[in-house]
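Since each chain comes alone in its own frame, lean on the hints to assemble the complex.
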Amino acid sequence: MDRPEHAFPWRRFVAKPLLFGAALIPFGLLVHGAAVGDLGANPLERVTHTTGDWGLRFLLLTLAMTPLRQLTAWSGWLTFRRMLGLFAFFYVSLHFLTWIWLDQELRWANMLADIAKRPFVTVGFVAWLLLLPLALTSTRAMMRRLGRHWKRLHRTVYAVAVLGVLHFLWLVKADLLEPLIYAAVLFVLLLVRWRPGLLKRPPLSTRALDAR
Amino acid sequence: MLIRRHGDIRSSEITPADVYAQRRAFLKAAAAAGVGAALSGPAAALVAPAGQRDAIAGVVETPHGRGLELTDYEFVTQYNNFYEFGTDKADPAENAHTLRTRPWNVVVDGECEAPGEIGIEDILTGFTQEERIYRLRCVEAWAMVVPWIGFPLGDLLRRFKPTSRANYVRFETLLDPEQMPGQRRAILDWPYREGLRMDEAMHPLTILATGLYGEVLPNQNGAPLRLVVPWKYGFKSIKSIVRISFVHGVPETTWWRMAPDEYGFYANVNPSVDHPRWSQARHRVLGEGLFSRKHETPMFNGYADQVAHLYKDMDLRKFY
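Chains as they are written, first to last, in the working numbering: chain A, 1 to 212; chain B, 1 to 320.
Same shape as in the complex, but just chain B (with noise of 0.2 Å):
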């Protein structure tokens, strides 16, 4: 296996000095129009793209994860849980090719006034793509730092008028065999569900991620169109979304369908509160030697000022 070192970087990943002198322009602008109060101080800029895939265009920057420690693109990429196509870490990498993101349309449906498709195209251009450095903590005590390209998934909720019934968000991976050769085995309840209560999905951190350093997203990370939401476990933040639905109740969801004592619908990061096989109170962060220490997980993996007040009433050890 092939390791690119820090220091390595390819000419490709460089920025082309037009560019960076847009970014700068932009920049100004934005100072000038007073919206930047954000991106002043330290010289902020997009992380440069990985040189693999298509880059996106008009990406925009955000404060958010500034001065966090990226991971390498080669551990974002080759290591992931993608059960659609294998459940080996480095399956998704190898298998994922076979799925075909273009042409793409997501349904939103349920609980709505104005339910509807939209295709991905429109999405990538009716949105304005951000940049957003989160910190992604897996159940299993892992964790690594993606610098993520996508839009609040709130932005693309409010177009479709939820009703007032519509308390809960359902989301679904595409169900197809042929593409995810995962699912031709009944290791899940095929297609993988996942959920969010209505303010966790209208949160200002929860977006629909198109990209991740620079550029479309690989396969194997969800493309084309992925959920993130970094407070919680990955197993939250699902993948290839064919599907959003507003519901009346909580939704099933597949991780709790196939162990509900071990993985709740909130699946909020908690160091207090451990999976019943292993503890939830350290994790090691991908990338680091085998003889690094490992870190302490914050509550809501770091993001707790930002959406601890959405759960202060609840007993946390309850609705884990």
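In isolation and in its complexed conformation, chain A is listed as follows (with noise of 0.2 Å):
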């Protein structure tokens, strides 16, 4: 912990809630719109690509917090990093869920067949499939029951991360622009997941003899 004890913990009480508040905005906007009629002239689509949108945008978030504490040398990213990655889970959820049964209307021979014979469908399945011993194994006692084993089991959000934009691309008609955004993030992301040195700052007596 870099703060003193004494000091108020708004990072607890200010800082989460307010994540907390800002990562429901989506959800809470599709479920107004659903209740009054207002999502558009086609709403399972609206659904659809909101909550997939949103699903791969805190997967990236959530990816984006030791590099961002690496590059600001401040710890304090990765106390948002957990609720983040549940916020992808949730999203990614809905999304499956709205495919399950407003989409597919609980045909579970076609959702079967899809998932065999559609890569995108495959791949976007697969990926949840992932990311969902991860989103049970997040709190802390899991945690700690897992050890090091922890750590490794919660690395393979970089493969979930890698199929979601594979779904991406995989299922638009002939636009690329936009899923390649997000791979291009992911790209940077993986880099400097593997190339940490990228993103350390020299030392400082480093720094000081650059200078002269």
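Please note that a few of the clues may not be correct.
To be verified - In silico DSSO-like links for lysine-lysine, alpha-carbon gap of 30 Å or less:
hint, chain 1, residue 1, chain 2, residue 2
1, B, Lys294, B, Lys312
2, B, Lys161, A, Lys173
3, B, Lys318, A, Lys117
4, A, Lys117, A, Lys151
5, A, Lys117, B, Lys294
6, A, Lys16, A, Lys173
7, B, Lys161, B, Lys312
8, B, Lys318, B, Lys294
9, A, Lys173, B, Lys294
Said to hold, decoys possible - Derived coverage of chain A by chain B (criterion: at least 3 residues anywhere in the stretch with Cβ under 8 Å from a Cβ of chain B; other residues may be distant):
hint, segment
10, 30 to 40
11, 53 to 66
12, 163 to 175
These aren't lab readings, by the way, just hints derived from the structure by calculation. Glycine is no exception: its CB is placed at the ideal position from the N, C-alpha and C atoms.
Now the structure itself:
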């Protein structure tokens, strides 16, 4: 902890609740839109795209916390990571549920066939499946119980993000711009994951030497 | 976004009494002349104009699509696939104001005896404008019902006297990145191109549309002249046409070039042939609520009795 014990725990009582509220805004807008019938000409498409977009965005935000800590030398970022990760799971699950219930209308045989034969559905399903254990083991107790295995397990999140971007890339008809933006962001995040040196500030002494 | 409810009818949308009386008189005259057999029965009347754009004069009623529930004007004009103005469904309504639809000329050339050019004003006055209410089924598994104004494509094609070598017709959209900002990026191989077999082009259901909801086409719907082929997926109905060519042999079409395994030349609505990435068995009807059920997609979008014979000896899995 980089704050004195007596300071007001603003991160816990202010920053986190604010983030929690903000992360629920897209969901709140959808619920409101569904309630008053204001989701446009194609409500199913609106819900599918919104939940999918936010699932992917929260995934990338989650992955950005560690690099941000390295970049800013502020460890506070990590306290938001779990919440962001769980919101990624929340939106991806809503996306999946929308598909099961409203798109496929609970036609189970159809769904299995789709998962088997349509690659973009396959990778989307696998991504959700891989997120499930991460969400289930996100508690402090599970973290303690799993010990060093926890970290290894949670590295799966990188694979999930890659599958998520692939899912998006493979479903668009012609204009790849939007999925490619997500792909570029993910690429940068993966790069700093495997080459953390890119972000590390050189030690003070070296900088002083350079300056001379 | 403002959603207009069904009961929310502006005074501008209510047919003035004199117009109404004229229509009655027309119907009586038509019935008296013996041409009104299809028009008799429940009182038919033209769909009330939306009150947003110039009305088209002299529109004639037809029995096409009577009884179908129309998709709201807002949805018909604000949910569009017209990549020349952006790939989001809301983009065309937002960006298409840059398109200049007057003057507008259509070149007709290729395998014909009388190639030439025809202006949009001559098209509007030279062909009887009919109201045709058609279902439109998009390849993306959504659908709407549109009250088009237009005339049979065949009527225009015959004026240019196609030769016996002409067995296909090719269409081209305007190419002008100044007016069509979407063309500044190579999303598709511009200009957009489409095609029909000659018998499809001459089929009485195939129309060139000049308007919808009683008025000239909004730019985002393909003004000033677009194709409408109701038994094929929407992408066949090319918008903002500047060139029509009679050709010998199957013309290359835009989506077919883009992904030949996903978009065939025929692109007939067919619930039993899936798009490789999604099923075509069912569709959503625009304007229905989030929790409404999907609809079963009928063969040839419900026009099988009129067009199935065109394909009777063809394997529609192969010629999708």
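Practice problem: Would you check the hint for lysine 16 of chain A and lysine 173 of chain A, treating anything up to 30 Å between C-alpha atoms as holding? | Solution: 38 Å, violated
Quiz item: Under a C-beta cut-off of less than 8 Å, do 3 or more residues of the segment 53 to 66 of chain A approach chain B closely enough to confirm the stated coverage?
Solution: violated (count 0)
Quiz item: Between lysine 161 of chain B and lysine 173 of chain A, is the straight-line Cα distance small enough, at 30 Å or below?
Solution: 38 Å, violated
Quiz prompt | 30 Å limit on alpha-carbon distance, applied to hinted pair lysine 294 of chain B and lysine 312 of chain B | solution = Distance of about 29 Å is within 30 Å: holds.
Quiz item: Counting residues of the segment 163 to 175 of chain A that have a beta-carbon nearer than 8 Å to any beta-carbon of chain B, does the count reach 3?
Solution: holds (count 5)
Quiz item: Is it true that the CA of lysine 117 of chain A sits at most 30 Å from the CA of lysine 151 of chain A?
Solution: Between lysine 117 of chain A and lysine 151 of chain A the Cα gap is close to 33 Å, so the pair fails against 30 Å, i.e. violated.
Quiz item: Is lysine 318 of chain B within 30 Å of lysine 117 of chain A, Cα to Cα?
Solution: 19 Å, holds
Quiz prompt | Restraint status (C-alpha distance of lysine 161 of chain B to lysine 312 of chain B at most 30 Å) | solution = Status holds; Cα separation ~27 Å.
Quiz item: For the segment 30 to 40 of chain A, do at least 3 residues have a Cβ located nearer than 8 Å to some Cβ of chain B?
Solution: Coverage by chain B holds for the segment 30 to 40 of chain A (5 residues, Cβ < 8 Å).
Practice problem: Take the C-alpha atoms of lysine 173 of chain A and lysine 294 of chain B, compute the straight-line distance between them, and say whether it is at most 30 Å. | Solution: 22 Å, holds
Practice problem: For the pair supplied as a hint, lysine 117 of chain A and lysine 294 of chain B, confirm whether the alpha-carbon distance does not exceed 30 Å. | Solution: Between lysine 117 of chain A and lysine 294 of chain B the Cα gap is close to 22 Å, so the pair holds against 30 Å.
Quiz prompt | Given pair status - lysine 294 of chain B, lysine 318 of chain B, alpha carbons within 30 Å | solution = Holds. Lysine 318 of chain B to lysine 294 of chain B sits at ~27 Å (cutoff 30 Å).
Taken one by one, the earlier hints fail for this structure at numbers 2, 4, 6 and 11, listed in ascending order.
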